[in-house]
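A.B. asks: Listed below, chain by chain, are the residues.
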Amino acid sequence: MAPLNPYTYIQCPCSDSASLGRPSDPTSPASADGDEEDNTFDPRAPRANFSLYPLEYLLYCEDCHQIRCPRCIAEEIATYFCPSCLFEVPSSNLKSEGNRCTRSCFQCPICIGPLSVTSIEMPPSDPNLLAPDRAATPHTTYSLICSYCNWSSTEIGIQFDKPNSIHAQLAKIRNGGASRLTAKERKERRKELSHRGGEAAAAAASEAAAGQDVDLETQFANLKLFYTSQLADPNAGDTGFSSLGDLGFSSPSSLSRIMNLYTGGKLHDPRAKSKLGAMREAVTADEGLLEADLDESSLIAQLHQSDFLDTASSTQICSQPPNLGEPHLHGAVRFNSSLRPVPYLLRTKRSKRCPACRHIVSKPEAKVLTTRFRIRLVAGSYIPSISIRRLNLPGPNGPAAPAILGDLLEPLKPVHFVLTFKNPIFESLKVTLGAPAKTPGRFPSKVTVLCPQFDIDANTDVWDEALKDNDRESSSRSRRRAGTESQFQVEVGKIWERGRNWVSIIVEIVPASLKLEAGQDALREDEDVLEIPMFVRIEWEVENGGEDAASGPGRDKDQQEKRELAYWCVLGLGRIKQG
Amino acid sequence: MSGLGSGAGAGTTPLPHRSVSNIRSPHTSGNTNPSTPSSSSRPVPSSTFASPSSLRAEEDLLILELGSRKLQIGFAGDACPRGTVWFTPSQLRRVGDFRDWSSESKTNVDWKTRKVTGEKWWTRDHELWEYDVREVDLGLIGDKVEKALREALTKYMLIDSRPRRMACVLPSGLPLPMLSAVLDSLFTRFQPPTISLLSSPVALTVGAGVRSSLIVDLGWRETVVTSVYEFREVNTNRSVRGGRWLVEQTHKLLAKHLPENQKKKEGTTTQDTGDYYLSFEECNDIATRMVWCKAHLSSPKAPKSKAGLPTLHEQDESDPSEAESPIEPSKMVKIPLQSCRSPTTIELPWEALAEPSENTFFDSQYSESSFDDHELPLPLLVYRSLLQLPLDVRALCMSRIIFTGGCANVLGLRGRIFGEVSKLVEERGWDGVIGKGADQMRANPKLKGKKGSRAAVGGPTGVASLSDAGGGQEQDGVWHDAANTAHDACPVEEQLARGQDKTPRVQGKMRAIESLGAWSGASLIAHLKAAPVSTIEREAWLQYGAAGASKPSEVDQKSAARQSLGAGGLMRGAAGNNSWTLGVWGVN
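Protein chains in written order, with UniProt numbering: chain C, 1 to 579; chain S, 1 to 588.
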């Protein structure tokens with residue numbers, strides 16, 4: 001069992017309205033909102049996982065005074081770039097050329113290692129030729145090679161003539177080395193044909209060509225062309241797709257259409273009939289109709305011949321980009337030989353805004369290579385952090401054993417944890433904690449927060465603290481627990497320890513026993529982890545300086561505004577020993 | 001100095017220009033689209049988070065297709081989706097939980113320690129929804145959709161979070177509560193001004209270039225056979241034989257060949273206990289990689305069709321399926337397994353790998369009468385759905401069979417189903433009545449006159465009276481129905497028909513066609529600005545929810561149609577209307 005470090009998760013208040021943990025009740029979708037506040041938050045509810053975040057993932061809007069999690073933030077894209085070549089991609093390219101790097105950056109389809117372009121030494125036809133001559137020959141070809149697993153694009157029969165713009169070259173090559181026409185070329189060829197010969201000849205030729213290898217891209221283009229021409233037909237009227245929308249038979253168009261279907265148009269004006277029948281089906285491959293090839297015996301034979309490891313795993317297939325060059329969909333990628341190099345997905349740098357007030361919460365430098373941020377309001381500098389430490393008190397029989405991280409908790413034996421709250425802001429905080437007496441779930445552990453209400457001093461300058469240190473030492477407020485034994489007493493309602501901007505309190509836990517009763521399901525994953533939900537409410541006062549209520553050391557304390565923030569957090573304390 | 005100053009001025013002036021052009025670029029690119037003329041009359045979306053920028057982002061429409069196990073997303077007009085996100089257990093983990101990346105999870109320690117009983121637990125985390133709404137946490141479905149969509153938007157779409165119009169391609173059998181959960185999640189989390197709904201069978205039909213079709217969706221949860229006639233779903237039949245069964249049968253097969261000490265509990269037989277010895281991921285992987293389907297063996301079964309006694313059928317049928325000698329030399333396949341107790345390699349005969357698909361989709365060793373309605377073998381399911389169709393619809397649908405869904409990738413399965421259905425049609429014709437009595441009656445020439453009225457099981461009586469002719473026309477292969485008889489010589493009509501519909505519609509013969517897929521079909525529909533089944537406005541949804549939808553029949557189609565012809569664009573058919581529908585999903 002992996003050792004468990006104590007952790008803290010914070011539930012973003014934005015998911016409150018989504019009424020967590022409510023049993024499915026389709027009849028009353030919004031009725032239970034009223035009593036939602038009384039319910040304790042159950043960290044084990046499956047929905048809870050979607051709203052819990054470590055403190056580091058959270059941002060904070062200074063104007064709304066709210067925590068902003070990745071779910072409740074508006075994003076804007078600063079830069080698009082390729083993670084491999086780090087080239088910035090203009091946003092206009094994205095729409096036309098897709099979401100992948102169109103230069104020469106590829107990932108290995110077998111592992112995910114980066115592929116590099118390597119030249120292939122052609123076997124010298126004449127051994128007497130000198131090396132420089134050979135290098136000068138135009139027959140040098142290139143392949144993509146993975147330096148991690150030694151995969152080479154020659155394995156799928158793909159070689160390149162040029163070492164650059166591999167993406168464009170790859171688009172024209174099928175696995176096995178056969179070339180394919182890109183959409184543009186196909187269109188040009190079609191145009192050429194129609195220019196040269198008569199219409200019928202062109203149609204026949206392109207149909208023959210299309211029938212050979214209609215890949216997805218071509219079929220889509222053909223269909224699009226076909227539908228556009230059908231819809232553009234002036235006779236077509238509205239009967240194109242409009243029947244998609246009306247389900248009822250009440251509309252005149254569907255009525256007349258039905259009449260037309262069953263009467264064969266004899267009762268109607270022939271003109272009307274031709275109008276209604278205008279949008280027809282695609283009939284030829286040129287129009288996008290493709291008959292299925294159901295005979296897969298050759299593929300079965302190939303599967304029969306090949307080893308298990310010759311087939312592509314489902315993760316490999318999933319990481320393949322949608323390949324428009326494949327002739328059909330079914331079982332298209334099955335063997336390793338049909339995998340293709342994966343062009344790198346582009347990435348983005350995003351700046352984030354508060355969705356409510358539109359203020360920027362996080363803004364990275366636009367340059368790809370810098371990792372700095374211009375603006376970054378992380379929640380960690382606004383709300384207190386909580387760190388957890390296990391407290392081992394010296395028992396009656398000897399001194400305390402040092403608490404080891406990941407130590408299992410003994411069931412039904414009280415343990416103490418020190419929670420240290422650290423105040424990051426320049427005002428003193430008033431913290432109120434609330435925790436259910438018993439943790440929710442099948443194995444309730446008893447929880448007692450010994451000091452649920454306390455103040456934390458402001459995060460003043462460190463040097464202030466150092467200068468004042470002498471006074472502080474004598475004052476009774478700071479209780480340093482150096483070595484005096486009498487202070488090893490856990491007292492209810494008392495702060496355990498306090499420093500410049502932090503306060504430690506004690507939580508007493510009686511872990512539940514994980515013994516399963518008869519008829520109970522087995523332990524689920526992580527059910528042995530002791531997690532306690534805790535409601536944290538912090539209050540602080542800032543001077544109300546009008547709009548910009550920025551926190552700063554106060555000059556005039558005449559206008560004080562009270563602020564509060566409340567949220568649920570989950571403290572993971574440790575694993576309970578299983579009986 | 002002045003030169004320097006002007007130089008600096010020249011250097012700084014391009015900057016605002018560039019930024020302006022950057023901002024405007026999506027707008028200008030939209031102008032080239034044929035869609036922009038309509039944008040002028042489009043109402044301003046008054047979302048709570050409205051900003052000027054939200055107007056421009058509206059230009060591109062996102063199409064997302066939700067399936068049981070994956071979400072596909074892309075822009076309208078693209079040939080295929082830009083990204084596919086599978087629903088996996090790692091999505092259920094908290095943010096910042098990097099357990100999946102630890103070395104331990106690679107060997108599935110996690111899986112080994114977990115004891116899994118019951119199919120539900122085994123597959124649950126890999127699915128988006130369970131159609132049984134009774135014990136489903138709808139909020140969880142919303143969360144899952146949200147998380148997957150967020151991942152897709154960030155990773156594949158690379159777009160910002162400005163509100164965009166969306167179109168959802170959904171299976172038409174989706175229960176209303178789930179549809180409402182999905183819409184809730186989308187509307188509250190992504191703020192699209194409108195969401196259009198499209199049913200996947202219709203989108204598939206459009207993606208194949210036809211107007212009518214028989215969609216055989218070999219899906220994950222179930223196999224759904226939907227007949228689409230003139231872009232409208234007219235009939236649906238379903239069977240629980242789907243991908244999930246296939247993976248389970250694969251597990252069963254692997255477990256059978258697993259050495260006894262690899263199983264977690266000794267002494268139990270594999271078939272009886274609901275325990276799983278291998279992880280879902282591994283079985284799923286093997287099912288997609290190695291499982292194949294035997295070709296349809298028509299020759300040994302064909303003579304028996306003339307015997308005409310179903311009871312004899314089954315006894316005979318069980319023999320050839322077992323005694324059928326493999327055409328290829330039997331070969332052992334080595335399959336490495338990771339998720340059992342210790343990594344091992346098992347050897348299976350190659351033939352055995354066809355068993356899972358055999359058991360899942362055909363179960364041909366059992367008699368037809370032993371199946372419940374919800375678990376019909378697929379050939380029978382397809383045949384029955386064809387049988388239920390009215391005559392002319394059937395004629396069109398049977399020559400436009402579209403196989404789709406994840407299990408269509410099982411090698412040989414499509415051909416097998418197609419072959420068996422053809423054989424069933426050949427054997428029985430379009431007569432829903434089978435059995436001894438029916439055969440006797442058919443043989444009896446005296447009763448022949450009455451037969452038409454008795455055979456009216458499959459369709460409406462008016463049509464079924466023709467079913468005798470339907471059986472007869474199979475031989476000549478030409479379908480004579482009312483729609484085609486109108487080709488009389490009428491000069492006016494001929495003139496009008498010139499350049500149109502010269503080629504007669506293919507009908508009456510079995511034919512399978514390829515579709516680009518539901519997503520691509522939806523992309524076409526959206527690109528061509530056709531009216532979707534229903535379009536829901538954000539405000540209306542947030543205010544009323546699913547209860548605000550009016551019944552599809554109640555909506556005044558005339559006004560909707562008139563509007564759809566107007567400048568507003570066809571995509572928002574019911575926009576100005578106060579009434580909106582949920583289409584097929586809101587019918588019940």
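To be clear, the hints were calculated from the coordinates, so they are not data collected in a lab.
This one's a predicted model, so the numbers in the text were calculated from it and none came from an experiment.
Hints are supplied without guarantee of correctness; some may be wrong.
What the hints assert, rightly or not - Some, not all, of what chain S presents toward chain C, calculated at C-beta under 8 Å: (1) D143; (2) M157; (3) V425.
Claimed, not checked - Only pairs whose alpha carbons sit at most 20 Å apart, straight line, appear in this in silico PhoX-like list of lysine-lysine: (4) S:K294 to S:K331; (5) C:K95 to S:K155; (6) S:K294 to C:K224; (7) S:K529 to C:K349; (8) C:K363 to S:K529.
Said to hold, decoys possible - Now the in silico label distances, taken between C-beta atoms and shown as ranges: (9) C:K577 to S:F98: 53 to 61 Å; (10) S:K509 to C:S297: 16 to 24 Å; (11) S:K509 to C:G177: 35 to 43 Å.
Just so you know, even glycine gets a beta-carbon here, dropped at the ideal spot from N, CA and C.
A.B. asks: Where does the structure disagree with the numbered hints, that is, which hint numbers, in rising order?
C.D. replies: 3, 6, 7, 8, 9
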